[in-house]
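Residue numbers (our numbering), protein chains in the order written: chain A, 1 to 452; chain B, 1001 to 1103; chain C, 2001 to 2174; chain D, 3001 to 3486; chain E, 4001 to 4605.
Just so you know, the hints here were simulated from the structure itself, not pulled from any lab data.
These figures come from a predicted structure and were not determined experimentally.
Fair warning: there could be bad hints in the mix.
What the hints assert, rightly or not - Under the rule of at most 25 Å between Cα atoms (straight-line distance), these lysine to aspartate or glutamate pairs were calculated in the DMTMM-like manner:
| # | chain 1 | residue 1 | chain 2 | residue 2 |
| --- | --- | --- | --- | --- |
| 1 | B | 1102 | A | 144 |
| 2 | B | 1102 | E | 4341 |
| 3 | B | 1102 | A | 338 |
| 4 | C | 2095 | B | 1057 |
| 5 | C | 2095 | B | 1100 |
| 6 | D | 3296 | D | 3447 |
| 7 | D | 3103 | D | 3355 |
| 8 | B | 1102 | E | 4282 |
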Amino acid sequence: MGRDLSFLLPELVLAATAMLMIVAEMARAARLVLAIGLAGLAAATLLTLPVLHAGTTVFSGTYRIDVISGWAKLILLPGTAAALLMARAEIAGRAREGSLYALVVLVTLGALMLSGAGDVMVVVLGVVLTGLGSFALVAFLRDDAGTEAAMKYLVFGAVTGAVMIYGLSFWFGGSGSTLLSDLGRLRGQPLVLVTGLAGLIVGLGYKAAFVPFHFWAPDAYQGAPVSIAAYLSVITKTAAFFALAQALRDLPREAGWPFALAVISAATMTWGYLAALVQTNLVRLLAYSSVAQSGYLLMGVVALGASPAAVPGIVVFAAAYVAMNLGAFAVVMVVGRELRDLDGLGRTHPVLAVALVVFLLSLTGIPPLFGFVGKLYLFTAAINAGFLWLAVIGILNSVLSLAVYLRLVVPMGREPAGASAAMSAPFLLCGVIAAALMATLGLGILAALLPG
Amino acid sequence: MSIELAIALSVGAGLFGVGLYGALSQTNLVMILMGVELILAAALVNLVAFWRYLHPDVMAGQMFVLIVMTVMAVEMAVGFGIAIVRFRSRGSVEMEEARELKG
Amino acid sequence: MSVSIGQSLFLIFFGAAAVWFGVVVFRTHSMVRSAIALLFSQTAVGAMFLVMQAEFLGVLQIMMMASEMSVMAIFMVMFMMDPGGLGAMDMTHQKRLSLWAGGIGLTFALAVIWLTGWGPAAQAAPAAAEQTAALGRELLGRSMFVFESAGLTILTAMVAATMVAIAPTEEHGR
Amino acid sequence: MPLLTITTFLPVLAGLVLMVLRDRSARVAHGMSIAATGATFLLTLAIWARGIAPGGFAQVEQITWIPAIGAAYRLGVDGLSLPLVLMTALLFLLCAIYSARIKEHAATYVVLMLMLETASLGTFLALDGLLFYVFFEVSLVGMYFMIAGWGHEERQRAALMFFLYTLLGSLPLLLAIIGFYLGTGTFDMRAWIGAPPLSGLAAMLALIAMLFTFAVKTPVFPLHTWLPAAHVQAPTAGSVILAGVMLKFGTYGLIRFAYQMTPEAFAQAGQLVLAFGVVSAIYGAFAALAQSDLKKMIAYTSVNHMGYVVIGVAVAALAVDPRIKVIALDGATLQMVSHGLVTAALFFLVGMLQDRAHSREMADFGGLLDRVPWLGWAFILSAFASLGLPGLAHFPAEFQIFLATLDTRPWGVVALVGIVVTAGLYLRAIATVFLGEAQDRWAKMPDLDLRERLAVGPLLALTVLVGVAPGWLIGMIHATMTGLVR
Amino acid sequence: MIWLALTLLAPLGAGLAALAVRRAPQAFALVGAALGLVGALGLFASAAAGTEISVSLPFLPSFPVLLMADRLTATLALLVAAVAAAVLTYAIGYMARDPGRARFFGTLLMFVTAMELLVLSGDWITLLAAWEMIGFASYLLIGFWHQRPGVAGAATRAFLYTRSADLGLYLAVFVLIGTAGTSRIAPTLATTGTPALIAGLLLLVAAMGKSAQVPLQDWLMRAMAGPTPVSALLHSATLVASGAILLIRAAPMLPAGALVMVGIVGGITTVVAGMMALAERDLKRLLAASTASQYGLMLVAVGAGAPVVALLHLIAHAAIKSSLFLGAGIFQHDRDGTGLEALAGAGRARPGIFAGFAVAALALAGLPPMAAYFSKDAILAAALASPAAPWLLPMALGGSVLSGAYMGRALQVLWSGTRSETRAPVPFMAAGMAVLVGLTVTLGAGFGPLEAMLGVGADAKPWIVPAMGLGVGLGGLLLGWSIAPARLLGPLLAPARNGFVVLGGMDGLVARPALALAAQCERFEQGLFAAVLAIGRAGLAAGSVVRRTDRETIDGMIFGLVEYTIDLGGRVRRLQSGFIHRDLALTAAGIALLIGVLLAAPFYP
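Isolated chain A (complex conformation):
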């Protein structure tokens, strides 16, 4: 038990942080809440380093301390810190500000549970925990859009979650265990396997916003505060991928899931970019773009067990995705939610414009940016696993994505609209943008340092 707890230090610290934040929130000391949260996130990040390469499990296999969960912490915790800073810049001074911070940290805890899940129950709890927190976060503004978004998100989450649980219940029947590592016992029971798998894909797919489980995403992002949209688009989404990777690693590939996920992957990226192509609301556009990015991440999942590049691919691209998507959302927070708000940005705020271009190019996958490195791994993994056609579709979609993102770049070169010239970027956001920029550029160039 002591050993197990020592491995769980980052999670424990974070849980304690969350409690402290709730306590501080009772005193209505929002800044204190934020400070505690940031400190806790930093501490948890640091505590992750010693157990990064532990490669073990705790509590009889129900939770895994392995390469995925380790890197997940290194990705999710700083990402959450950035999201907190963005949230502070957006909602400082509103009622229940501290609750939001606490909730964010709690949701991140759920995300960590997902990414280290070794047991079906942990998956279920992770999905539900992140879900519940997210519904509330989306509803934070309490205006019509916010409540509508939360309501849709809730309905979608509840239904898919229930379907997932129903499907997963069959796995228990088939294997006599709730451990993911015992899923191999399901060989010979294809129907049970498929039912549970379908449940898992539905539940995690909704979380990660694959097609056709993504419908909530644009609405929820649009209704939520922008910082929360950014948070949801990166943290809970990547966590779902980690959970999917944890579960599928133990499933035989003959079960057919690689092909099914490949189909979903292709559909997701295509659908996402097609829909993004016609958006005029920047948040919605980024929402669809993040749907499409899920398709790419899925390429790594498809190759699990068939390519050594699969896990590094998921991890690297997830890291890249967190950095560049947070960066892009942060710029949107400064600029405004509509496409026309970008008019003339290149003239009025050249640095901001360049940052946005870098993020968008990275999202497209232009080297030597971080996003390219991640995509490279993913493409390699997919091709190694024999899914050349998927890689081709991925490449074609990269072209489409260029069209999507160029729609943002082009107006920046226009004459400024006038009103936008006055806006200024809050200090916190500048910090977030700078950090994201450094990650996007630096980690792309120094890709040799990443796990291979």
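Fit chains B, C, D and E to the known structure of chain A by using the hints.
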């Protein structure tokens, strides 16, 4: 396969079907949540039946049941929370009225 | 054998009740009635647990559902001004599609159930006391992490629910 | 010292510096531009001084990037890339000098040009499949903005056409690169060249993919339709870079990738490639003959001249005798450089004419030779160079190509018709624009000023130099090609 | 080595200097021409002494540039240098008042350089290069007064005609290099069999273009648009001569079949061009046609297997024709025109010049003791001895008669009109002409030694040959002097005046079809756009979900694709109805599909 297991699982299937119908057909948020409760109840029935008739010595099954019950409860709680805030804002929790966000 | 037959009969009875009340949930035109039907349905599920010798879970189910459904009924009366049975409004849409979806879901689940060889059935369940003790050991041993996670989930739900549901008047006070 | 890396990235670094400068006036921007491109040019001379290795790549610079998948940063030169690199650096320097008059958004323009230079140099120097592709694509984006931002009347449309055409065109190349990667597990082009990884159907498919990409870029009939539109709308410097540098990506790739990496498949498909080259050459010449717009005419002659390069490469693939292969490849490579020099000069001159008269229609002019003798004689010299007059740059190249063609596939020599047709069209252009009775409306037209002479002069001098004594240039090409056909 | 450099570089350097300095170009021209002449003399001397001077310079990796002065090429080099020196001297006077002097002399000197390069080239690539550069230089020289109407067209035409024919040289060179594996001329002359025949015929085509043989004779008349010294130089020893020189040099290689073709082409030309000359109403154009005719005679000699004889006639003709042109130029100077009517009696005004002109004219007609007498007789003898004598001899005789006739006519016109006042004396022009006329008279004496030097014995000719030569020459002169061309030619007059253009000549046969083809290409180009568009449209229609676009512009598939994609995006977007139950229904359908795929997937590995 024992007949009891079949009966219990079939009941679960029935609850699932009804719940799915409800979740898809209802216009009211609360009613949709009721459909969700029924689906979760189906999962409960499944889990208990699997535990009883296939793996009585695996207590993880019962544990799972507890977890699902927790899920039912917390989902209801947050669901009501959101229903309240929506009701305050719009005076209704009809899903058909929630069409501001689309495209 | 007689136990088995008795169990089967009870399972069929309570199962039928659970499903029937489940159907009723969506056939009344009042949300309060729906809530009560759901309560009955869940109670029947609890009764099935009892039949299947999972006493602890059965009792838990019945108690939890009873409280939950009463909360729901109160909630509906308080907030939605629905005293029950007054309005006869139709609260459904895409009915046919939903029927198809439910039907297909049912068919598929039945197919999975009936087409899978589940292996030999266990004849006896552990005694109730033994069960509870084992569950306790599970809770505090192997499933400790899961259990604590569930705790955190409940905490999150509380924070989330209070955060959104708190009266907006306070906002102006600040 | 990593000279290649410094050379490649110096322009873009200068561009970044310019972006953060407080004073971004046109003066500063153009000063920066000339300084950066000038320094880059000097650096390429230093690379030249360091020399190449006969049997492979020299001055290789390599940094591990993503070891797990064999991607690395690799640069190097050989006798195929070095001439193109020198030419690229020179053309960008001259463009910088020529563009010094541009006043609107000068800083952005300069940054774009510098970015394009880095991309172009990188394309020729990259020894890593991915890196090559990246530079190849980035150049595309740069040119898109160049046309869209500083082009003529229908620029948006032309830019989009250009962009989509070549973007869609370059995707097959990516597939081929992936194919090579799967065959070797590395993106090292040297490995791909050293032991061609694909064979049989796979090699043929990869070849078809690459041929498609490079045919669009070169461009080869019937995939050339983007070229006239892009040229006509592009600003002068854009046209110069497009024709002088970027078209070479196609033929460079044809040799570096198609010829070197799928040699057997290329030999099988050689006849067809040759046919396309021949048709391109003849069609380009006749289409140019039909034009009345000077710029469009020159654009079409590019189709003709690049067709000769394609012929040369195809003949090299088809030939059995290694001597003939070398002659064909020497000719093809030299033709790339020659075309870069000559066409760049022609586009400059037409641009200068357009600056003065705001027209490119031949019929609008007449008798300009006495009015603007520098412009006129420069044009006449360039035109005769373009039509393949001995003593000027195109002759040694085209001669070798045709010689090898006749020796390998005699029917290919029908492309010789092209040299008569180009002669006809250039003579007609000279006669209409520069000869004949001087018109009063152009009486005030000024002759070339110092800046313009500086932009065109070096090109003309090199045109003559290459034509009279190509030894210094063809020596390095020959050394590499001799090693390459082994 | 030094002589070679002097021969080539002196004119080139002088020309560049003249262009660069732009002052006193005459001085540069004189110095350059003189030094070039000295160099050529040196070459000739050493070649005559038996030392071949050759030098090899790097050019293409496998094909260095080879310059070689053997007896034949040194002789030609000397000829070129001499004529050039004389013509340049003349041009100093002729161009004295022209503002573009520097350009003129610069170009002329470069032209001389190119010609020297041609005759001295020891490899085919250099020869080809020089050949084309001569074309370029002539283009510039013919177009020198480009402001005058028609001049630009004439220059363009000259270059295009010769360049089209040059394709023959290109191909011949490719064949020869490909067969012999080297670009040096000497080894390739050993080529035999089919390659030799093909190469020979291709060389003939090239020579026809440059030497204005039928049917490529048209450009030569129009090329008179240039200044007179240019015409003199072009016609005597340079541009037009290069075709004959090419065949003379390649003669050892030519198989019998090719020789016959050469002879027949030459024979036809000599007659046809002779008639054109006779019908001509302009002195310079008359001389131009006569040039074509005389080169035809040389081709007859080559075709008869006597290239040295052709060379002799070339030398003789060079001196004669340049004299004639220079004389014509002086008359033109006096009368501001070269039409025969305008020139009537011009000879009387300048009897000295007329005398020189007449001497040259008689020489051309083949009267002894002038140079052409010997060479023409030799040609007749060769034609007689040739296996193709039945073809060649009549044509050679016809050409000779016509030579006499048109020269007679020219003399008659120049002498018979009214005398008008003379203008200022023309010392430089007269000097240049005097040298050449002197050569005309004296060269014949040198033919014997020259033949000996080139290794051909002056074998005894049958008595009939000098008789025939003298007869046709005198007869021709008398006919020309006494009978008007209209009566002489009869029905042939009109076609002769039109230059015997068949089917619209090169214009109709080549230029117009080429332009039509170009127009077709342009139409095709438009069609290509439309086709790309159509392909795009067809693909879209097959998709059957595409909204019809109204815009009928030539967008092409590209824009179609963009629109289609955006349209698709719109459709996807519309699926996002905002109704959560619809979304859920789609999700449910998705789940069903997912399960279907999962169940089916094992069958699709």
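Regarding the pair residue 1102(B) and residue 4282(E), is the alpha-carbon distance no greater than 25 Å? With Cα atoms ~89 Å apart, residue 1102(B) and residue 4282(E) exceed 25 Å; violated.
Check the hint pairing residue 1102(B) with residue 144(A) against an upper bound of 25 Å on the C-alpha distance. Cα-Cα ~13 Å, so holds.
Would the hint linking residue 3103(D) and residue 3355(D) be met if the CA-CA limit is 25 Å? holds (14 Å)
Just to be careful, I want the Cα atoms of residue 2095(C) and residue 1057(B) compared with a cutoff of 25 Å; is the pair within it? Answer violated: residue 2095(C) to residue 1057(B) is near 43 Å, above 25 Å.
What's the verdict on residue 2095(C) and residue 1100(B), does the C-alpha distance respect the 25 Å limit or exceed it? Since the Cα atoms of residue 2095(C) and residue 1100(B) sit roughly 23 Å apart, the hinted pair holds (cutoff 25 Å).
Taken at face value, is the distance from the CA of residue 4341(E) to the CA of residue 1102(B) at most 25 Å? At roughly 95 Å apart (the allowed maximum being 25 Å), residue 4341(E) and residue 1102(B) break the hint.
Check the hint pairing residue 1102(B) with residue 338(A) against an upper bound of 25 Å on the C-alpha distance. holds (15 Å)
Does residue 3447(D) sit within 25 Å of residue 3296(D), going by the straight-line distance between their CA atoms? holds (23 Å)
Hints 2, 4 and 8 from the list above are not met by this structure, while the remaining hints are.
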